[in-house]
Amino acid sequence: MNVENVDLVRMVLDHEVVDGDDVPCGMVDDLELEGGAGSKLTVAALLIGPAAWTARLPWFFPEVARFFVGRGQHRIPWTEAAVVGDRIKLKSTAGALGLDAADRRVGKWLGKVPGSEAD
Amino acid sequence: MKALELFLGILTAVGGFVEIGELTFALNAGSKFQFALLWVVALGTIGIIVYGEMAGRIAAVRKQPVFHLIRERAGLTAGLVTLIAANLVNLMTCAAEIGGIALVWQLLSGWPYRPLILATFVLLALAIWFFSFEWIERVFGLLGLLMVVFVVAAVASRPDWQAVAGGFVPQVPATADPSQTRLFAYFAVALFSSIVLPYETYFYASGAIEDRWTSKDLNMNRVIIIVGSVLGSSLAVALVILGAQQLAAHEIDAELPGTAALGAGIVLGTWGLIAALCGMLFAFGGAAIETTLSGAYNLAQFFGWPWGKFRKPREASRFHAAWLVLLLLSTLLIVSGVDPVQVVEYSIVFAVVTLPFTYFPMLLIAADKRVMKGFANGLLGNVLGWFFLVLTTLAALAAIPLLLMTHGGRG
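Chains as they are written, first to last, in my numbering: chain A, 4 to 122; chain B, 73 to 483.
The hints are simulated quantities; they were obtained by calculation from the structure and are not laboratory data.
Be aware that a few hints might be false.
Claimed, not checked - Each computed DMTMM-like pair below joins lysine to aspartate or glutamate, with the alpha-carbon atoms no more than 25 Å apart: (1) K43(A) / D103(A); (2) K441(B) / D10(A); (3) K135(B) / D24(A); (4) K135(B) / E83(A); (5) K135(B) / E37(A); (6) K111(A) / D10(A); (7) K288(B) / D411(B).
Model, not experiment: these values are computed from the prediction.
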């Protein structure tokens, strides 16, 4: 980790997550904390995906949003975070963590269109 | 090489400055109020320079596009509301541009309107799919430069230059009729909004990252945004002059985009008319592509998907699918029979409502010395940034009441 004190709200939550190759692989949609009152509170994982961000919406919107975007979620252990800066850089690649699943799914269809391999 | 890049960047900014909304409102502003709204063009141009420069600077220094900043600084809920509003405006603007292209194409060819909408969809989709970002910018930006014919026509129409210069002094025409004052205020807000449309900053910042700008490119960023916007706004000024000189004189109401070309045609003849129509075709085409790509950029940046034309469609498949879906939805909206000019009028008014939500997070980051270090706003940047933030907030508050009170600018 590159910094000693991490302000979770200002420096982690709602920040972009990139993999070890600097490829974007989501936003920090929520955080999983461990430890209760009186004990040491630690970050257990970064939560990425619709289930995490929809749960943070007010009123009845979580259910409405989940109807459209689903309930998928990835749990990335905090120990995977290599750098906390303008973005959160992970140690592994998106593929190794399963964070590229949605793009691979859509990519199967787009890959059939001529020109999909061009830059 | 840098000089060539700079030159092309400026030309592209000029060619891409005017789209159907600005064209409609500038012409109508001239035809209804002569030169009295020219100061709004000047004010809007300074506004887009201030925030465009900030967007480009943040993108070059932090490699962060606008919707990262909105999510990071405004938070999830406010950011999501901004995303939905911004993309609805993008969708409506793109639909209007597609309708505008089909109308202009119809004038040039005489072919039926609705099949031309579908042909426009196919051509735009092919252009985005097969062209690189650089080529999209250059082809549509440079061919959009044919719009310069409006400047030639405006000069050739021999306006009273003293009266034109007087239009740059902020003013509200003295009238006993309050409905005329409300109409003037509506056109002032709409013309301002059409110049500072939020998609321009989304696209500009994303484009800076597509073009791999770094902090070494900050001077180029400044020159492109200042010179490009000032020269581009001269097209808007020319449209106001033509509206005042030609449309008002011939009692023509600018209800269709083709009316603008008529203004050039009356002054310059057939070739002026054809050049104006071709210029509009590419200017609207460029704006349609920019709005549809902006929509996809916004989604991808807000949710952290891989994005960019520099990535192969297989590597950024959700981003590429998103622009295709947005382009299709825009086409379906316009093919359903709605009037493109009416769509653009609503989109321009709703656009100004989203502006403060776009500008505020950008200003916070650009002014933050901890994150921008030596590249943070100076005193002038902060003063102008806050001034335009307050101004856009006032315009946002007034926009919808004025739209309702003036019956969409019809008095």
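Item to check | Indices of hints not satisfied (ascending) | outcome: Structure breaks hints 1, 5, 6 and 7.
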